[in-house]
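Residue numbers (numbering that gives the first Met the number 0), protein chains in the order written: chain A, 0 to 233; chain B, 0 to 231.
A hint or two may mislead.
Claimed, not checked - Okay, derived cross-link-like pairs now, DSSO-like style, lysine-lysine, Cα gap no bigger than 30 Å in a straight line:
id, chain 1, residue 1, chain 2, residue 2
1, B, Lys72, A, Lys111
2, B, Lys172, B, Lys185
3, A, Lys10, A, Lys162
4, A, Lys5, A, Lys85
5, A, Lys104, A, Lys212
6, A, Lys231, B, Lys185
7, B, Lys172, A, Lys212
8, A, Lys231, B, Lys186
9, B, Lys179, A, Lys214
10, A, Lys212, A, Lys85
11, A, Lys85, B, Lys72
12, B, Lys186, A, Lys127
Simulated from the structure, these hints should not be mistaken for laboratory data.
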Amino acid sequence: MERKIKIFSSKQERLIEYTVPIEHGMVVLDAVIYVLEHFDSSISARWNCKAGRCGSCGAEINGIPSLMCKTRLDSINGDIEVVPMKVFPNVKDLVVDPTDTWRIKKAMPNFKISEMVISKSSGITATKNITLYEYDVTRAQEFKKCIECFLCLDSCHAIRVHKSAYIGPMHVAKAASLDMNPLDSLDRRDFLDKNGIRFCNVTKCCTEVCPAKIKITDNAIIPEKERINDKKII
Amino acid sequence: MKKTRNIIKAMLPPEFRSIRFFSFLFLMALAFVALLIFRIPKYKGYIDPFYSPTILILPAIALFRLTCYAFRKSYNRHVFTHPMACIVSSSNDLNKNYTGESSYVFRIENLHRYFMYFSVLILPFFYYDAYVSFAYNFSLIRLGSILLLADAIILSLYVFSCHSVRNLIGGNKDCFSCMKFSISRKKIFDLQSFLNEHHEFFAWFSLAFIIFIDLFIRAMIAFHFDIILLHI
Ligand code: SF4
Ligand code: SF4
Ligand code: FES
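Go ahead and model the full structure; you've got the sequences and the hints to work with.
What follows is the structure, given as structure tokens:
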């Protein structure tokens, strides 16, 4: 069996169609690699693990931000269109430049251990021996599953309209994972408020596309919004 | 004239300039007026949930639902089309005017917790209505009474699965073990989180159910019937 796959070419600024023989269980990334090996070796695409773990192979497949290595061809009807994520500057073909996300990560207040765990006796600062209970850390742990694929950033319409005024779901999840950590002493509410968390209208596209199945909206964005409301309503 | 129109235009968020929004508004107003005009009396101990305790508080309940995170998702997608679906379109037309919560009209959504307190105060009335319908004749168990009780339970599940409740009972705390009654508080929080996962379902189901009961009671009045399940 054969399927048609269209891959974006940045040189020609259009989709180029290829016909690829299909085997059972093939994913989009396999088809792209087939094109690379048999038709055009100049196509640029990123991938590493082919197991949905490294977060390198994100692209828009028929308009939906997805991991190429996790989208099976038999889950798509009709032609397959693969274009790079539009929210980032394009480097070449399917490769984009997400440098901005590292800038945002640096700007976020970092983990700062709370006084609770530091004992200062006779001039020596040491860490107290404290017990961290499992039921205290489960909430923050969910966001550690993030593989930094940036698909949620690409799916977010608030970023598409307001650009850098909103830091994006992935970073709110990161902030929530730090905020909900019992050992952390900082409060990132002002940071989030200043960086556009109010632009999010909880339409849950980020949750829908997240390959790590993190409930970004329910467990990170809405709790953070509510915490902001605790401090400053409207 | 033109000036006032421009001022009004500048005050309203761009979302409010769509035909979808006006048709939505029109339908809501129509429903409210219809409920006001076609009021129904208590029938055989059944009190219509729309008139419990009175239709005048309906706007407050409407505000609770309009600022609810579950309905926000729905109307942002389907009334304001921001965004309509998660497909990243190449044209982006539908999203261009989006201002989100930066406009003051939408910041009202942050008052959700106060509407939630109000709704919690209203809840006992629904249980009272169910009780009244059972008390109408204790030797009968009627379908209407069961439905009214189910309605009260579903409404409670909807209100208690709210995200503001989640924040209130522990979402705003980082450390449960640092508090009194730590394990039980965490257990309540986990139970609420479980309900919260199904918040959207409860939201829509309770809305549909209350309309169904209203129609059911109206039908009973119109055709003078009552369904008795059990004689005790
Ligand atoms: S829920 Fe918020 S952050 Fe997530 S895609 Fe929608 S607007 Fe963006
Ligand atoms: S939150 Fe999910 S979608 Fe967003 S970068 Fe992390 S894994 Fe990817
Ligand atoms: S190749 Fe690693 S996530 Fe797809």
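Hints, one by one, checked against the model:
For the proposed pair Lys72 of chain B and Lys111 of chain A, the alpha carbon gap of about 35 Å is over 30 Å, so the pair is violated. Between Lys172 of chain B and Lys185 of chain B, the direct Cα distance comes to roughly 10 Å. Compliance with the 30 Å bound is thereby established for this hinted pair. Straight-line distance between C-alpha atoms of Lys10 of chain A and Lys162 of chain A comes to about 25 Å, which keeps the hinted pair within the 30 Å bound. Taking the CA atoms of Lys5 of chain A and Lys85 of chain A, the gap is about 16 Å. The hint holds against a cut of 30 Å.
For a cut-off of 30 Å, the pair hint linking Lys104 of chain A to Lys212 of chain A stands: about 21 Å separates their Cα positions. For the suggested pair Lys231 of chain A and Lys185 of chain B, the alpha carbons sit about 26 Å apart, so the restraint of at most 30 Å is met. A threshold of 30 Å between alpha carbons decides the hint, and for Lys172 of chain B with Lys212 of chain A the separation of about 24 Å falls inside it, so the pair holds. The hinted pair formed by Lys231 of chain A and Lys186 of chain B meets the criterion: a straight-line CA distance of about 29 Å does not exceed 30 Å.
At most 30 Å may separate the alpha-carbon atoms for a hinted pair to count; Lys179 of chain B and Lys214 of chain A meet this at roughly 29 Å. Between Lys212 of chain A and Lys85 of chain A the CA atoms are separated by roughly 22 Å; this keeps the pair inside 30 Å, and the hint holds. A threshold of 30 Å between alpha carbons decides the hint, and for Lys85 of chain A with Lys72 of chain B the separation of about 24 Å falls inside it, so the pair holds. In summary, the hint linking Lys186 of chain B to Lys127 of chain A is supported, as the alpha carbons are separated by about 28 Å, within the 30 Å threshold.
Against the hints set out earlier in the document, a violation occurs for number 1 only.
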